[in-house]
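Peer 1: Sequence:
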Amino acid sequence: MTKMCCKYIALIALSLASSSVMAGGHCIELEKYVTTEKRAHFSCQSETGTFFGYDIAAQRPLLAVYNVLKRPYSEYIRNQGVYSAISDLPIQQQTDPRTYLRLGLDVGYLVAPYLFLTTRNQSVKAFTVANAFPIEKHIWRGAYNAASFNVDKIERKMFDDKGDVVAMYGLINTNGEPSSVYRVYYQPQYQLSIAFLLPLSTDVNTTPSNLITSIDCIESLAGVEFLSFLDKKTQADIKNKKASSVDVWARKDGNGEMATCE
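Using my numbering, the letters of the sequence shown correspond one by one to residues 2 to 263.
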């Protein structure tokens, strides 16, 4: 992928409509789910109830955390060319996603916007700088898109199937460029989890069951830590397992056996 240098900052004025300050609104309880030592800016977007992390050095999304909705927005949402800036982060530390288009790349979204929206009125907030990253067109419009949409369909049924679930998304970089997207889901009541790793590749497997991995594996690749608010023994028990299928999630069972990291 074409290297994105810090000099490619926003050349077009970003929309001033943006996220709330960190730890405000509906997101304060979501901060604890993913932690990182990377230099990042964190913000709470109260309009969508999403907690975003933005990699300041790379000027790209780092992570997003939100509660899976009971009834997410069901229609196609078209971006009208407006991207919400991160209001409490200096403009020169953000990259306008339209910069990627001028470089011949496409704009990828860490989280499909409709997954954390309930109405069309929220859509400008979903197309935020904190949710958009550069990606080659043939990857974004190829097998990766199909794989991502297939996991989206699973997420849309999660509340009905599992109850309250927290979604944790993130971008994994290799040699300074985006290489994979992870999606981790955690059901706190019964301590159930499932994790997917989606390579940004033209030959990614599009069947969700073939994308399942362990939380431990994602932590090692992404340089983040999940569920650090739990005691160490419980963390190890939850993180070292793979879900058996998209329906049978991994669960805390006292078994310390480590899953293979593939």
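Keep in mind that the hints are not guaranteed to be accurate.
The following label-pair restraints were derived from C-beta to C-beta distances [as the list claims (entries may be wrong)]: (1) Ser180 / Leu102: 39 to 45 Å; (2) Gly105 / Phe160: 38 to 44 Å; (3) Gly105 / Gln190: 42 to 48 Å; (4) Ala237 / Gln93: 37 to 43 Å; (5) Arg72 / Ser246: 22 to 28 Å; (6) Gln93 / Ser210: 27 to 33 Å; (7) Ser245 / Gln94: 39 to 45 Å; (8) Leu102 / Phe160: 20 to 26 Å; (9) Asn80 / Gly143: 41 to 47 Å; (10) Thr208 / Ser180: 19 to 25 Å; (11) Ile92 / Asp254: 45 to 51 Å.
When the alpha-carbon atoms are kept at most 25 Å apart in a straight line, the in silico BS3-like pairs for lysine-lysine are as follows [stated by the list, open to error]: (12) Lys253 / Lys234; (13) Lys39 / Lys163; (14) Lys163 / Lys138; (15) Lys163 / Lys71; (16) Lys253 / Lys233.
Bear in mind the hints are in silico, worked out from the structure with no lab data behind them. Fair warning: this is a prediction, and the values are worked out from it, not measured in the lab. Think of the CB as a built atom: it goes at the ideal place given N, C-alpha and C, for glycine as much as any other residue.
Peer 1: Each hint should be assessed against the structure and marked as holding or not.
Peer 2: Hints, one by one, checked against the model:
A hinted range of 39 to 45 Å is violated for the C-beta pair Ser180 and Leu102, which are about 21 Å apart. The beta-carbon spacing between Gly105 and Phe160, approximately 39 Å, falls within the hinted interval of 38 to 44 Å. Distance hint check for Gly105 and Gln190: the Cβ-Cβ separation is about 47 Å, which falls inside the suggested range of 42 to 48 Å. Checked against the given bound of 37 to 43 Å, the beta carbons of Ala237 and Gln93, roughly 42 Å apart, stay inside it.
Remark: the range hint 22 to 28 Å for Arg72 to Ser246 is upheld by a beta-carbon distance near 24 Å. Between Gln93 and Ser210, the C-beta spacing of about 44 Å breaks the proposed range 27 to 33 Å. One distance hint, 39 to 45 Å for the beta-carbon pair Ser245 and Gln94, holds here, with the actual separation near 43 Å. A hinted range of 20 to 26 Å is violated for the C-beta pair Leu102 and Phe160, which are about 34 Å apart.
Between Asn80 and Gly143 the beta carbon distance is about 19 Å. The supplied range of 41 to 47 Å is therefore violated. Here the CB-CB span from Thr208 to Ser180 is close to 20 Å, well matched to the stated 19 to 25 Å. At about 49 Å, the CB distance of Ile92 to Asp254 agrees with the hint of 45 to 51 Å. For the given pair, Lys253 sits about 10 Å from Lys234 by alpha-carbon distance, which is consistent with the 25 Å threshold.
Under the criterion of a C-alpha separation no larger than 25 Å, the hint pairing Lys39 with Lys163 is inconsistent with the structure, at around 32 Å. Between Lys163 and Lys138, the direct Cα distance comes to roughly 35 Å. Violation of the 25 Å bound is thereby established for this hinted pair. Restraint check for Lys163 and Lys71: satisfied, since their Cα atoms lie roughly 11 Å apart, inside the 25 Å limit. The hinted pair formed by Lys253 and Lys233 meets the criterion: a straight-line CA distance of about 13 Å does not exceed 25 Å.
Figure legend: structure checked against the earlier numbered hints; hints not met, in rising order: 1, 6, 8, 9, 13 and 14.
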